[in-house]
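With chain A's structure known, arrange chains B, C, D, E and F on it following the hints.
Protein chains: 6
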Amino acid sequence: MWVELGEIFNRLSLDPSVRAIIMTGAGDKAFTAGLDVKAASNGLLSDGPITEPARKAVHLRRHITSFQDCISAIEKCEKPVIVAMHGFSLGLAIDLSSAADVRLAAKDAKFAVKEVDIGLAADIGTLSRLPKIVGNFGWVKDVSLTARIFGAEEALRVGLVSQVFDSKGDALKGAIELASLIASKSPVAVQGTKEILNWSRDHTVQDGLRYTAVWNSAALQTKDVQAALLSGIQKRKPTFEKL
Amino acid sequence: MWVELGEIFNRLSLDPSVRAIIMTGAGDKAFTAGLDVKAASNGLLSDGPITEPARKAVHLRRHITSFQDCISAIEKCEKPVIVAMHGFSLGLAIDLSSAADVRLAAKDAKFAVKEVDIGLAADIGTLSRLPKIVGNFGWVKDVSLTARIFGAEEALRVGLVSQVFDSKGDALKGAIELASLIASKSPVAVQGTKEILNWSRDHTVQDGLRYTAVWNSAALQTKDVQAALLSGIQKRKPTFEKL
Amino acid sequence: MWVELGEIFNRLSLDPSVRAIIMTGAGDKAFTAGLDVKAASNGLLSDGPITEPARKAVHLRRHITSFQDCISAIEKCEKPVIVAMHGFSLGLAIDLSSAADVRLAAKDAKFAVKEVDIGLAADIGTLSRLPKIVGNFGWVKDVSLTARIFGAEEALRVGLVSQVFDSKGDALKGAIELASLIASKSPVAVQGTKEILNWSRDHTVQDGLRYTAVWNSAALQTKDVQAALLSGIQKRKPTFEKL
Amino acid sequence: MWVELGEIFNRLSLDPSVRAIIMTGAGDKAFTAGLDVKAASNGLLSDGPITEPARKAVHLRRHITSFQDCISAIEKCEKPVIVAMHGFSLGLAIDLSSAADVRLAAKDAKFAVKEVDIGLAADIGTLSRLPKIVGNFGWVKDVSLTARIFGAEEALRVGLVSQVFDSKGDALKGAIELASLIASKSPVAVQGTKEILNWSRDHTVQDGLRYTAVWNSAALQTKDVQAALLSGIQKRKPTFEKL
Amino acid sequence: MWVELGEIFNRLSLDPSVRAIIMTGAGDKAFTAGLDVKAASNGLLSDGPITEPARKAVHLRRHITSFQDCISAIEKCEKPVIVAMHGFSLGLAIDLSSAADVRLAAKDAKFAVKEVDIGLAADIGTLSRLPKIVGNFGWVKDVSLTARIFGAEEALRVGLVSQVFDSKGDALKGAIELASLIASKSPVAVQGTKEILNWSRDHTVQDGLRYTAVWNSAALQTKDVQAALLSGIQKRKPTFEKL
Amino acid sequence: MWVELGEIFNRLSLDPSVRAIIMTGAGDKAFTAGLDVKAASNGLLSDGPITEPARKAVHLRRHITSFQDCISAIEKCEKPVIVAMHGFSLGLAIDLSSAADVRLAAKDAKFAVKEVDIGLAADIGTLSRLPKIVGNFGWVKDVSLTARIFGAEEALRVGLVSQVFDSKGDALKGAIELASLIASKSPVAVQGTKEILNWSRDHTVQDGLRYTAVWNSAALQTKDVQAALLSGIQKRKPTFEKL
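Chains as they are written, first to last, in this note's numbering: chain A, 1 to 243; chain B, 1 to 243; chain C, 1 to 243; chain D, 1 to 243; chain E, 1 to 243; chain F, 1 to 243.
Okay, chain A solo, but in the shape it has when bound (with noise of 0.2 Å):
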């Protein structure tokens, strides 16, 4: 299943008529309650035939890897993708959604990094991108170390979701609604937008500059500028090419 997620939004990422992706969970009770301990346990922990500690990290560490990979389409995925979060959204709900551009949520979500609670820390993503994304590493480390269960205000109040709905079908539309505000933006200035903000996070001020402007001598050169400044002029809507 995890393959194909990122096989989905590899795809998604190329498909010129996507301009916003938006995820959610099927059903009222849950986004998802996380990995399926007992089927990860059968599989990934015994893998059978090796027992040496030496050759057996190898193949978990290429599991590891090709699970992060799957994750890691959707940060990767040219298109901005907002998550709408309901239920229990556990685990993996927070390695899948802390790759996401924006995320969502409606009141009854309850939240909980919860690796440690099975013995493991995080590997999926989780560690490594809640400390961008939250700008309050105590509140990471604790949520990360008690695996406790927070709710969808916390969650607001830390900055982990951008805003929280009554319900599941209000977070849906907000999130549909979101998502149609960025599809009508130019694609060139959107895409650009995700691709320039991810390589920020991760790089100096000055090399973030630099890239942007590197980045910018071909953008710039789209007619979406032109379009977009002489729709301003004549207060009407823009519309932009697929990409």
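Just so you know, not all the hints are guaranteed correct.
Copies of one chain are not kept apart here, so a pair can be met inside one copy or by any two copies together.
Claimed, not checked - Cross-link-like lysine-lysine pairs, in silico, PhoX-like; alpha carbons within 25 Å at most:
hint : residue 1 : residue 2
1    : LYS235    : LYS29
2    : LYS237    : LYS223
3    : LYS110    : LYS235
4    : LYS237    : LYS110
Just so you know, the hints here were simulated from the structure itself, not pulled from any lab data.
Using the frame of chain A, we list chains B, C, D, E and F on its own:
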């Protein structure tokens, strides 16, 4: 104008009689409504004879880089820079203010990372600096991808501004108070603090600590420490030499 | 005393019977009012025979570095460190606590990045760590440049502390609860989580993911996962071997 | 073809029966004379309907990135890769071979960083890897800026290749000997060595040491160490399990 | 003089009629015997009224930084810079030439990283650039710590210079040939190659590849590729537009 | 023994009467034949009661880290370290010497990165430092993956050693000459040069230049500059105060 702005900050940076700098907007309506896009589109985007995309890219890159350098002069200025914003504070207002040290706002301030609305990814500094000064990456993505307007209260909540005042006048008064307080401290301590914080933001904790140790190996050899300690004991206000 | 502090944390880091550490201040008045500046100014700043600035700089740099190493022992300690602060928590209180994992406070806590007031840029860790643990760079600049005192509520709002309690006693009680909760988890999971979060804070997401994969290729080979899963199914509390 | 090359190396990377890989060119005349520029100029450079420079840039960037990924598969391959080059070894020959671990050459090899001669900066890897594998930055600049042809002896002198042989046959023989020698060693040790060297090349010594310690905390738990030590004492050749 | 040097290179960088730059020394005796230490010691080291070490440090740092910027203009110059050295090439000769792209020498050249002999660590660029252009760190340490004089042959052997000529005249001739060859290539390709190599030297391979892809997404849209390919087929010399 | 080695270098680093350090091997046969693998395999690899791979990994990681710290004390030592090697110089000989500043060898020296032969990737420093001190990544890969023995001439050719001498005695004599020469220079200049070169090796040129400027803002305030200049004019040997 931007070249002059850069030059002014380069001069203030070295002028020993300057201890803190306040930047504010003229008039009641706006800090700045952003780049005059019409002028820009004439100048920047249609540089006449060059039609080949690769060569045009070189000219655009040089143009962006020199524009970035003007704004970066605020960050590189050795003296703290406080920005008081009011009314429309769009586009370049964010580029400018995110290169400053402390941001204050009047409650009528209306902010937006406006660039996506004119078909481009902000390239003068906003996208490189915002993820480093506001620890809420989802919010940064949200406002940068939608170009939506947000008010002073929201800016305060996410940490883009430090205080909100009733009016432009009050914000300026607040800025002057803050600047005066900073100006009353040892300039050796103040300038070192700005520099080390900016360096640390962009480097590992370990590299931050090392840089601090090397910096302070000279800076601690100041008479200001003695002066500060003595006046502390004597309950009087110290005066510190210019720098 | 600081050398001893470092040594204590180095020992606790390796002591298998220790699972979480609480640091608090003695007495009712203060966590710490900071460096005894008078003693410091005798020791640090007037090291007798050496008058040449370049050679004095070498001695100062060595001194700062070894002082930094003492404080960094808190961060490098493999076990989570919780700090409960009350009363005056000035100067070194920020250096110490920002090297810890979670910060709690009593409501009477009074904080300040005090160093600018004694003529120097904080050099034992505050300026390098604060921008990485509080995602509000304007606020960090504000308190570091003004040395102004701020209370527990403000510290909570910006994320410097995670919870505020009515009294020192309650804060300590809160710290013990948090420490006990963490101590009940798998030490393999807990120590890995602390390490990976600290590494990720200072590296790109990509380097964070890679480090996590390599780390967990060994850590997942723990019986704690089985123990945790089993006790989850059996609805009983697991016990985990020391580490 | 390049996609297939990447897939082959991804497969070899995980195939437990593979311990070392040799890459050579078919025929007597050339390792590779580089990209078929005519085909390339049809495909890459004139992608039909898209004429807007900004949108064309997006397509070019995607194309370059996926091409780079194919070549990077050689570097990411967990097993050592040895390249034996002869005759014309231009353009892509340098991209390919600089992603490998060891480069050998027949004395008739004629190398060139050819891209400048077709109007572009080499973008599949040469310019990113050459400064890291040849410690003579002036020479790297010289051959990259002039596209001049240089021979096997010059390549040996600057360290681009490790050995020069009389003929393609001899070079291949040399590659087989080297590969056989590496294949006789513990695959745990060999694969760890490749990985740690590549990581260290791109990180500080301190980050290199840390990564090594974490890596080896699992890798040292191999029976290969015992097997190697024992066979050393017993003066016989050890055999190591596949990986 | 150094300010002027920086300004000249900044101008040459943007002058479309310039395609490559040669730097050489006037007279027969020396490329440069280094800083006029007597003048320097008057200017730099005894800046009169300021006696406090901390404040003097600020002035020295500003002075060093602006001096560094002059030399860095050579590295930042978008056009390749070739240095032909002869006779005494001490101190600043190394700072200057290590910021250039290719270094040539007459056989009478006498080099030294002279700074240790006048009581200081070279601070205008040598110590930062030498470890990146000469892949022999022991040799770099040796000559930097001893300030010993070494000849053209040794410089050639370790890779500091690319070629040694019989006389200054011949070295200059060699430089002109090299410059002419580079000037005959596409300036889009040449300038991109210089930029990407300098970026890659300072970043991971992965960041190098990404930067290259973004850079070339604009640069490949040049008519120079077509021109180069066509003239290759037609066996004639292409001409390329200025840049 | 390794703990003691680290402590010795930490002491020498601060001892003002020490200006340069020579490390050599006792006896005629070997600098060091490497780790006593038998002892090591008893100690390191079979730490008794702990059998769980995850917990054993923690102990191994701690062990490796503290071993690395001992070797890194050579690199961190503020005084230059020269190594004179002869005879068998295997395994740890490379770890030790690559942490030093200059490497000399007798012609009978036989080197090997021996670790692969005992089933492990070298983890005490060789793999992290070799790619940074020898600019021939193919050769580093070759010797690290094959564990083959190579002689002094090959070490000289690739830049691992700086000079080859006829005998151990001569190598030591050469080391003493080099150390004496370095010891005759200003210790402010010498120690600054070592530090800045090591920093620059691991950072971008830009970060190297900045660090240098901050470092020298204190270091230039030494009387050694005047002393050096004066004695240069007066044609006599300067003496410099201890450090």
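Verification of the hints:
no. : hint               : verdict
1   : LYS235 with LYS29  : between (44 Å within a copy, 22 Å between copies)
2   : LYS237 with LYS223 : within (15 Å within a copy, 35 Å between copies)
3   : LYS110 with LYS235 : between (43 Å within a copy, 20 Å between copies)
4   : LYS237 with LYS110 : between (39 Å within a copy, 22 Å between copies)
Comparing the model with each earlier hint shows no violations; every hint is respected.
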